[in-house]
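A.B. asks: Chains R and U supply the protein sequences, listed in that same order.
Residue 43 in the working numbering is what sits at position 43 of the first sequence, and the numbering runs on without skipping anything.
Residue 67 in the working numbering is what sits at position 67 of the second sequence, and the numbering runs on without skipping anything.
Derived by calculation from the structure, the hints in this document are not laboratory data.
None of the hints are false.
Each computed BS3-like pair below joins lysine-lysine, with the alpha-carbon atoms no more than 25 Å apart: (1) Lys87(U) x Lys24(U); (2) Lys187(R) x Lys211(R); (3) Lys138(U) x Lys211(U); (4) Lys87(R) x Lys211(U); (5) Lys259(U) x Lys174(R); (6) Lys138(U) x Lys24(U); (7) Lys259(U) x Lys24(R); (8) Lys29(R) x Lys259(U); (9) Lys29(U) x Lys259(R); (10) Lys174(U) x Lys138(U); (11) Lys138(R) x Lys211(R); (12) Lys259(R) x Lys24(U); (13) Lys87(R) x Lys204(U); (14) Lys174(R) x Lys24(R); (15) Lys174(U) x Lys259(R); (16) Lys87(U) x Lys211(R); (17) Lys174(U) x Lys211(U); (18) Lys204(R) x Lys87(U).
Number of protein chains: 2
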Amino acid sequence: MNRPLILVSNDDGYQAKGVRELMKCLSSKGEVIGVCPDAPRSGQSMALTVNAPLRVRREDDVEGMEMYSVNGTPVDCVKLAVYSVLKGRRPDLVVAGINHGSNASINVVYSGTMGAAFEGCAFGIPSIGFSLTDHDPKADFAPCLPFVDALCDAVLSNGLPGGVCLNVNIPDSKIAPEEMRLVRACKGNWSDEYSEYTDPQGHKFYWLTGKFRNDEPEATDTDQWCLDNGIVSVVPCMLDRTAPDVILPSWLNSFLPYKA
Amino acid sequence: MNRPLILVSNDDGYQAKGVRELMKCLSSKGEVIGVCPDAPRSGQSMALTVNAPLRVRREDDVEGMEMYSVNGTPVDCVKLAVYSVLKGRRPDLVVAGINHGSNASINVVYSGTMGAAFEGCAFGIPSIGFSLTDHDPKADFAPCLPFVDALCDAVLSNGLPGGVCLNVNIPDSKIAPEEMRLVRACKGNWSDEYSEYTDPQGHKFYWLTGKFRNDEPEATDTDQWCLDNGIVSVVPCMLDRTAPDVILPSWLNSFLPYKA
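Next up, chain R with everything else stripped away, as it sits in the complex (with noise of 0.2 Å):
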């Protein structure tokens, strides 16, 4: 392959240490451009701009990479990339993240990180996300840059299969991971996620909050076991949502087709 041209974007804005640490890990590799929401886009899922304006703007280099951010979610920067930012060029490899903050089980479903990944897949380019099981501002990315590293360089070479893109998530930065495993997502969900208040003219307002719930604690082929035992999980993952039939219930093939 000619020098690979790699899109980087995230979810935390362009300013998050995560995506500057993950750009100059991926310097080597190729051309590495940025493309970032302009401020905090977590938990934004696929969504996208549908009825507004939308702006790139080009900010300050990251040690000689070119970085531009954009007024709107995840989605948007990576479309924004392919439309305009990359002049019609397509990138060999999306890379997402690094995120503060994990993005195993459910998460997967709500990550801006992921849905930026999602998009690429979508584009029918390799693509991967990478979370780091720790929301600090300041988190310290190095133990998990070599995982990065490889699995970026198989995924260059290699390909990945169409609608088909990883979600990576790394343990806790106090911990130095050994080892990177190919797992399924873990069943479970958050409880209790809100937090009540009252505002000084009596009226309610929520503030999403939350603690997550394992389903299937026992199970040790998941990412959140992976997590919880301080290994790298890596999850293929489907754009296709379509459920295979082996698991579709009886009725519903007795039912449909259905004549009004």
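Position chain U relative to chain R; hints supplied.
C.D. replies: For chain U alone, coordinates are given in the frame of chain R:
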């Protein structure tokens, strides 16, 4: 079953015709409560409001059924319904829509309507999203209501497998459909996605637009084919995004586990 509790949401906002027609259609089946965004939130996918206060407001009843608005996304609406509005009662069914516009093919991943349905699914509640292929605010929903009625009855009686919800798309309202089929999401994507403008100060801005491109126009087992042929499509969708082992390339299974 006792009189079922049915939660209705959407992404077009509590004032949209589609959600009101949906609530009226469901009214005879149980207690129907609407919790919808306070304004249109199309293309919000499973976005949630992470770092801002959320408020719930009681709106005027819809023909005797309670309607609430939330200053957030469709996912926020479903979460706040479960955590607050329904006062600890668990819905027997979550129904989202009826969306003004198709959510077939790749649109399912961006759709706020389907975001609400996936969120109901994350709570373990049988959930369905309905979308009509007509963006007109005054679209005629009458031809699709017999299908909404029949499918909601069937799901209330039989339930759905855990982690599976239904994405139902209805052809343009100028066609009265005669059939509803179980199919898969069509492969396809959008092209030419941005109109480019220059503001009075000479700065560029971009506005989302685009043309849908069907990548498998010959396939007759897809939702897009159904819509193009006047048939209502039902695609069972997975909340879990983990790709099945069978589609993974051999290099990935050789590369992982990787030891640093």
